[in-house]
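Protein chains in written order, with our numbering: chain E, 1 to 325; chain V, 1 to 301; chain H, 1 to 399.
Honestly, the hints are just simulated from the structure, not real lab data.
Among the hints, a few may not be true.
Straight-line C-alpha distance at most 25 angstroms; calculated SDA-like pairs for lysine to any residue [unchecked claim]:
(1) H:45 with H:64
(2) H:269 with V:219
(3) H:378 with V:219
(4) H:378 with H:389
(5) H:66 with H:339
(6) H:96 with E:222
(7) H:69 with H:119
(8) H:252 with V:261
(9) H:345 with E:147
(10) V:3 with H:119
(11) H:201 with V:138
(12) H:201 with H:251
(13) H:345 with E:79
(14) H:96 with E:269
(15) H:96 with E:150
(16) H:138 with E:27
(17) H:360 with E:145
(18) H:360 with E:79
(19) H:96 with E:79
(20) H:45 with V:219
(21) H:188 with E:269
(22) H:385 with H:254
(23) H:96 with E:134
(24) H:345 with H:160
(25) E:268 with H:45
(26) H:252 with V:132
(27) H:66 with H:254
(28) V:169 with V:261
(29) H:301 with H:374
(30) V:3 with H:45
(31) H:53 with H:348
Incomplete in silico selection of chain V near chain E, CB under 8 angstroms [said to hold, decoys possible]:
(32) 67
(33) 73
(34) 74
(35) 85
(36) 99
(37) 104
(38) 116
(39) 229
(40) 266
Bear in mind the structure is a predicted one, so any value in this text is a computation, not a measurement.
C-beta: ideal position from N, C-alpha, C; glycine also.
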Amino acid sequence: MTALLRRHPALVPGVLFAAFLLLAPVFAQRGMLNDLWNMAFFVVLASAWNLLGGFAGQVSLGYSAFVGIGAYTTVLLANAGWSPWLTLPVGAALAVAFSVAVGLPTFRLRGPYFTIATIGVGEAVRVIASGLEFTGGSSGLRMPQGTFDFNANYYAMVGLALLTLALVAWLQKHAFGLALEAIRQDIDAAEALGVHSTQAKLTAHAISAALVAIGGGLFATNFQYISPGSVFDFRLSLTIVLMPIVGGMATITGPVLGALLFSYLQIKLLASPTLRDSYLFIYGGLLIVVMLFEPKGIVGLWERLIGLRPRRRAQPPVGEARRAS
Amino acid sequence: MQKFVIVALNSLLAAGLYATMSYGLAVIYGVMRIINLAHAGLMMLAAYATWALNDRFGLDPFLSMIIVAPAFFVLGMALYATLIRWLPRSAAGPSMQSLLLLFGVWLVLQNLAYAIWGGDTQSILTPYTMESVPFLGGRLGVPQILVFVVSILSLVGLNLVLRRTYLGKAIRAVTQNRDAAMLSGVNAGQIAAVAFGIGTAFAAMAGSMLSTLYAFTPDFGRSFLLKAFCIIVLGGMESFTGVALGALVLAFIENFASAYTSIPVSYQDAISFTLLVVVLVAAPGGLPGLWRMLDRRVVAR
Amino acid sequence: MVRITWLGALAVMLLGLPVRAQDEIRIGAVLPITGKESKIGGAYKQATELAVKEANDAGGVQVGAKKMKVNLALLDDTSDTAKSAQLVEQLITQNKAHAIIGGYGSHLVQAQSVVPDRYGVPFLSGGAGATAIFGRSKWVFGTLSPVEHLAETQMNFLDDLVKQGKLKTPLTIALLTENTEHGNDYAKGVNDFIKSHPGYKVVVQEKFELNTTDYRPLLQRVAEAKADLFLADSHLEDFIAMHRTYTQMGLKHQMLTHGARGSDAAARKALGPATDYVFASGWWSDLLPYPQVKEFKDRYKAATGTDPQWYNAMGYETVRALLAAISKAGSLEPEKIRAALVGLKMEKSIVPGQVLTFTKTGQADLPFVVTQNKPGGKVDLVWPKDAKTGEPVAPIPAK
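Please put together the full structure from these sequences, using the hints given.
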């Protein structure tokens with residue numbers, strides 16, 4: 001037990017937090033539950049993105065497309081009489097198909113070229129979606145009445161967030177995670193070692209696309225209304241990318257920290273006019289600071305602080321000094 | 001036929017603006033291998049600066065470029081000195097870090113504009129804003145013609161600087177081969193600062209020109225940034241003529257697609273985004289690269 | 001002791017029910033005060049706040065036996081649909097609002113309108129005319145009449161010009177609408193009219209996205225179609241951007257409208273004389289010949305320093321209608337307020353027709369007015385005929 005805890009220091013707070021989330025509907029008020037729902041949604045987005053963007057190092061600025069595909073699948077099928085729950089796997093499947101269609105050509109590009117291409121894809125999807133008749137144009141679409149059940153949706157979203165975290169943690173420990181790691185560090189060397197890089201990137205893209213699309217479907221059910229402006233928005237793509245970057249890319253805890261920070265910020269932003277007027281300062285400023293001083297984000301900063309602590313002490317206790325040496 | 005000429009002429013006029021808009025991006029990429037995502041924010045900021053000069057002092061937007069462009073040159077140098085300089089250098093290609101850093105700068109610039117001018121749409125009204133001249137049965141807007149003329153003048157001027165002055169030659173040398181240029185005594189840091197200044201000044205000129213044609217908000221510029229990026233990719237990323245060629249190709253494709261096909265016009269922006277992805281993937285060397293490739297095949301035969 | 005204090009603090013935080021005054025009417029409002037719709041959103045804010053202030057200055061609203069003050073919580077959705085709905089939810093769940101004043105812009109109100117149904121809170125919007133918003137939920141009401149009828153009014157106005165001999169059929173139409181429910185309703189109104197009236201034909205019909213930067217390609221198609229009439233349905237920002245390019249391209253039509261936009265001061269400032277002779281239909285005009293309109297105009301100008309436009313007036317009247325319904329309900333219970341809204345008949349209102357009521361779907365259905373800009377910044381009311389302040393000029397004279 002202690003060995004397990006030492007290997008996974010985040011386990012105890014993690015389990016406690018999960019229990020808190022799952023029990024919250026019993027005691028918390030609706031306003032707070034809404035905030036928690038939002039947090040879980042952000043955890044899904046950030047952690048799923050991190051699989052491709054963090055572990056494999058392929059920074060995509062086009063993830064709102066998957067939120068949109070999931071959300072629109074749910075709304076369109078629900079309006080055709082489907083149960084919203086059954087629409088989720090369909091949305092995920094469509095998102096996977098789209099992720100492969102986009103990934104096949106764009107994964108030939110490297111680094112920033114890939115990123116720029118994903119901005120292009122994301123914007124093209126948004127422009128086309130607003131022009132299509134069945135998306136409701138800029139007016140968007142509504143879910144049919146009677147599809148709203150907050151508690152069920154809440155549990156589904158929290159469950160999805162926990163599932164995403166567990167899946168990412170599991171993948172990280174296995175060969176697939178190591179392959180992604182190798183791709184991030186040196187794609188040519190990884191290829192030389194026998195990693196099938198395109199296949200690995202496509203798989204990571206597909207898994208994260210499916211998770212994000214399911215999140216998008218739940219988003220549509222919870223808000224009961226979507227429009228291309230809300231689910232295909234560039235700002236959404238931007239938030240998805242910022243969370244793991246600020247939290248710490250290629251870690252499990254980083255995106256979660258980023259999601260907590262950003263959902264907190266969003267709640268504060270909604271409530272306070274001064275903060276709302278400066279959210280771009282905050283986002284942009286965080287990005288600049290992280291890139292200049294700590295590209296590994298909050299997690300990197302934390303590690304650095306912990307690493308620095310013993311060195312600062314003038315005379316370390318014997319035990320610690322011995323352990324350090 | 002008459003329609004063809006009008007559409008072609010409109011494309012040509014648009015290409016002038018597109019080239020100015022893209023050149024700033026290309027020169028920074030050439031010297032530093034950095035994709036300047038803040039370009040959009042700088043264009044937007046310059047549009048507001050032009051508007052403010054017009055609103056306060058009644059300064060003509062084209063004349064105000066004489067103030068705005070040098071001011072942005074200094075701003076670009078300052079950005080370089082405070083932020084860009086500290087980034088780790090990568091010889092091979094642009095780093096993710098620089099892309100995201102400049103993305104952050106873009107967001108900050110947007111917020112700056114919101115803070116100063118609010119989110120309202122602004123536009124500049126001059127005596128000639130609404131004027132047009134008859135041409136072959138169609139009409140051409142006076143501001144568009146002016147934008148084209150100023151674009152060409154500024155690009156020719158820049159080309160002279162690049163070809164005739166030591167600084168310009170150094171910039172071209174660093175663009176072509178950084179190591180060789182440094183070996184021959186070029187101060188790469190200094191050149192990078194100047195190049196960033198020039199790139200920013202061109203973003204500013206493009207912004208001033210855009211402000212005479214369109215209404216704008218702090219969110220302005222994203223689609224133009226993507227167009228500019230599409231153009232420099234088409235143009236093979238670094239050459240001066242490549243940019244001009246890319247601008248022409250994009251402008252012609254856009255205008256002819258909307259004039260001769262029944263694609264809904266609301267999809268027009270999607271044309272450049274899609275073209276960007278297609279060119280990035282299919283012809284990473286842009287049109288010049290494609291040309292060289294075809295050329296080689298012919299020679300090989 | 002310290003531990004008990006902490007526990008107490010924790011309990012307060014968790015259960016955190018701030019004490020609220022019982023004798024007040026809590027009204028929530030979510031408007032686009034910044035962002036793309038900020039110009040008109042800001043006007044709605046001004047009008048909403050003025051109407052609330054007036055009610056409070058008069059001692060409050062009579063609810064049953066008590067006079068209650070109105071507590072307005074007004075939030076800014078930054079013209080973002082997702083945020084808009086979230087804020088309405090926040091006002092209901094956290095501020096415990098008794099009723100909600102909806103936003104401005106059909107797409108934003110559409111997003112908001114799903115929330116009231118979830119919690120059973122009356123919702124009255126003064127800034128959305130798209131019919132799709134109404135009739136789905138019994139809690140959603142709106143004071144703007146259907147956009148379809150706006151288009152129909154414009155066509156009747158044009159048809160009357162034909163009857164007067166000012167315009168000659170056959171007339172071809174370029175029909176441009178924004179890709180929203182608002183735009184769809186407008187196009188439907190025009191197309192329905194044409195079906196029953198020979199002599200009109202749509203030769204080019206296109207949709208455009210909100211806040212397009214470059215209207216040249218769209219207008220290029222319009223230029224090629226060589227239509228007689230230019231009928232568009234645009235938001236203010238799009239009207240300014242599109243008409244700017246339109247004028248630069250030297251386009252000309254016999255008559256031109258941008259739906260409800262045209263006489264706006266902001267457009268006149270941005271476009272100058274290019275807006276002359278543009279005609280517009282609206283839900284209100286300061287030229288309406290009712291005494292209460294003149295009185296309202298003076299009062300509004302005195303209080304805010306601005307001349308009320310249709311959006312100021314409708315924003316103001318929407319709050320008045322909601323407060324009238326609450327007073328009539330004699331209670332703050334949502335069901336009672338809703339019932340009062342259903343049966344509301346507000347006399348001596350400043351709206352065209354002077355009586356504000358809601359139809360079965362919850363949307364008002366009142367007559368529209370048509371105005372036309374004249375040179376020198378003048379605006380004339382040209383429709384309905386019995387209220388007109390000047391003769392319509394048609395076709396638009398060449399310079």
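ask   = Any of the earlier hints contradicted here, and which numbers?
value = 1, 3, 9, 10, 13, 16, 19, 21, 23, 24, 27, 28, 30, 32, 33, 34, 35, 38
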